[in-house]
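Peer 1: Next come the chains, spelled out residue by residue.
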Amino acid sequence: MSAEIVIPYNDTERPDTGLYNAKLGVWLFLASEVMLFGALFSSYILLRVSADRWENGAEILNVPLATLNTMVLIASSVTMVLSWAALKAKNFPRYRLCMGLTFLAGVGFLIIKTLEYGAKFEHGIRPADSTFMAIYFTMTGLHALHVIGGMIVNGYLLGPGAKMWFTEPRRFTNRIEVAGLYWHFVDLVWIFLFPTLYLLPGK
Amino acid sequence: MSAHTHDDHSHAHEPGFVRKYIFSTDHKWIGIQYGFTALVFLFFGFCLVMLMRWQLAYPGVPFPVEFLNKWLGEARMPGGVMAPEFYNQLGAMHGTIMIFLGVVPLAVGAFGNYLVPLQVGAQDMAFPKLNMASYWVYFIGGVVMMVSFFVPGGAAQSGWTSYSPLANITVPGGAELWGRLLTGQSLWLVGMVFLITSSLLGSVNIIVTIVQLRAPGLTWMRLPFLVWAQLVTSFLLLLAFPPLEAAGILQLMDRLAGTSFFLPSGLVVSGKELVASGGGSALLWQHLFWFLAHPEVYVLILPALGIVGEVIANNTRKPLWGYKSLVYSAIFLGFMSFIVWAHHMFLTGMGTTINAFFQTTTMIISVPSIVILTAMILSLWGGSIRFTVPMLFALAFLPMFGIGGLTGLPLGLATSDIHLHDTYYVIGHFHYVVAPGTLFALFAGIYHWFPKVTGRKMNETLGKVHFWVSLLAINGVFLPMFVQGLAGVSRRLYDGGTIYLHAQDVLVLNKVMSHSAWLLGAAQVVFIINFFWTLWAGKKAENDNPWEATTLEWATPTPPPHGNFAQIPAVYRGPYEYSVPGAKRDFTPQHLPQEA
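So the sequence lines, in the order shown, correspond to chains A and B.
Numbering-wise, this note's numbering puts 138 at position 138 of the first sequence, and it's gapless, one number per residue.
Count along the second sequence starting at 1, add 1000, and that's the number in this note's numbering.
In case anyone wonders, no lab produced these hints; they're calculated from the structure.
All clues given are correct.
As a list, the in silico DSSO-like pairs of lysine-lysine whose alpha-carbon atoms are at most 30 Å apart:
hint	chain 1	residue 1	chain 2	residue 2
1	B	1511	B	1070
2	B	1457	B	1539
3	B	1584	B	1324
4	A	23	B	1020
5	B	1020	A	163
6	B	1129	A	90
7	A	203	A	113
8	B	1129	A	23
9	B	1457	B	1020
10	B	1129	A	88
11	A	163	B	1129
12	B	1318	B	1539
13	B	1584	B	1318
14	B	1020	B	1540
15	A	163	A	90
16	A	88	A	23
17	B	1540	B	1464
18	B	1318	B	1464
So here's chain A without its partners, still in its complex pose:
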């Protein structure tokens, strides 16, 4: 007996909750991500408060490069929204363009980050040097992993996953929205990381 299972509210909102499943799912997932990065930011505060000295981020780190990276990431969030809006307007080619730009921005972010890391290693700067460098590498590294994760999802939705547009357009549009929520979150984490690590003066 193999009754066909169709999970309800996959592509439509449940009337009394006003949500489709994946949207609730991703918000819950992001809540846990907030706790993950929240714990790391709390660790930063606790370590900094109890430290005797703390490096001035702007002296060790490359602020212009990081500013550029912030721009790149914010731009990618905009193109991400535009790709969703394109699907809402049933404009699939424009979706491809915007999603492609989002993906490229992700690549750009990682290239710049790699340059930054590379320069640090060339100068012999390691996580083990100080608590500041340790938390810098840990938090930006974990953030970069999140960027890579988001790019895998975006790449899938741009390439093989895009076929769904022709069979279940509504569900595909929802997927872009969900992926977008995650991408904005990754963006937002960076917007907290940038001033905390690069701009806050030392002591």
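Let chain A serve as the given structure and place chain B on it in line with the hints.
Peer 2: Just chain B now, kept in the frame of chain A:
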């Protein structure tokens, strides 16, 4: 996610063996996978402690089982006597396995997976493929933990709490990155990241299923209490686990990349100053760890309370007393559990102001726990109780959890905690909550839902033997711990306290506890025999609803087929309409329209 396209395929022919039994997306089979794996881990974790108890009862006497000594080897059991390092490994891994590989996967992975979709009237979980992924990520985490026994230096040995800086410096593993990774503690951290990811995915799935897939008519206040318990539990897993993941990443950085997140400056190890940048905080680890680990206690107990609620209502043939106060208490409990964590840290020198805050919140959180326990006990009043095996376990749960909870109060008060901290009293306290508490409830659940899962009822006589021997033995293990703890015996002594003057009067209890533990092990053999014997040859359940229960899982065929319900049921009433005046039968199922 594309379950749709797959089903189009499977219509033509049945899914193959691999998709049906190994990489299944059916919540029931995943639940069974979780349950079976977790039971194996539980028994394994229990074996570790049975081994430890020999060393505690007979310190320095060679272990009498020759072949086991030979198998464990000279490094672990030199001359048949347990090496101190191996004792520490067993202790750390016992806690880790029991909690993260045993009880949580059984309570949430197995019972949550199997029962939540059935009880809310859904065909499956909201994300079936994610569900499969959760199980396999858990499985990988378990494998990593097992592998860690065989790397140089053995498994993690800094306690299940992995306190820094001890956990940072134990078996560092040399200069090479690979060597550092292949150490017990590093693998413990990697394994934990897998287990955390697994329970994160699982809890998202359970919450979405409960919120989105409730059958028509199943309003929030008509949900079985078990579903509420699973919902609150999932929120705790979702929000409390990530800080431990963060802590795990930081400790892994310390061990692999040489950072000093948890290493204070000027640390001296074995007479030599440790080469590290320093500036870290040992207290930070404890904060991050206990931010998870206190809500974790409620992750362990809430599903148990849910199961006990179901079993009690069914076997007293009465509605649960104070259903709404149970629900509100569970939610309040979940909320409060996030702001009590530092009561584990009264002796770390946080200061009296912080202690006062956390002891106050700790006293507050005992209120909803007592409300829940009181409601359960009052539910018994005036019921015509059926003393089935699941009911016996559920009934025993009430006083056992009561002892566990009440003995926690002196630990929650900063002043009395000074004397009791890190003694056997603590071990006795939390084992009463988790072992004769949660585990008894989980046994109740296994006996109760076995006929639905397999179509066969477990043997009553063997079940009663299992119950009575377990009840006797488990109290023999944990009750003496209070006595030892009050006498001041530390929980971390390799020889059970033999060399300490203040422990001499209570040393004999070590033998009582050890023999009780082995008796408890023997009682579980009865359960294992019953389990497998029932699977092959047990008495068939007389119908789809052998316990005459009201909730939706009993409205399915037995065992429930793929998709559970032939048709999504409509729900007409609350979950516990037993003995309704004027009704034809003493139970009125949720899915039946009003009977004439």
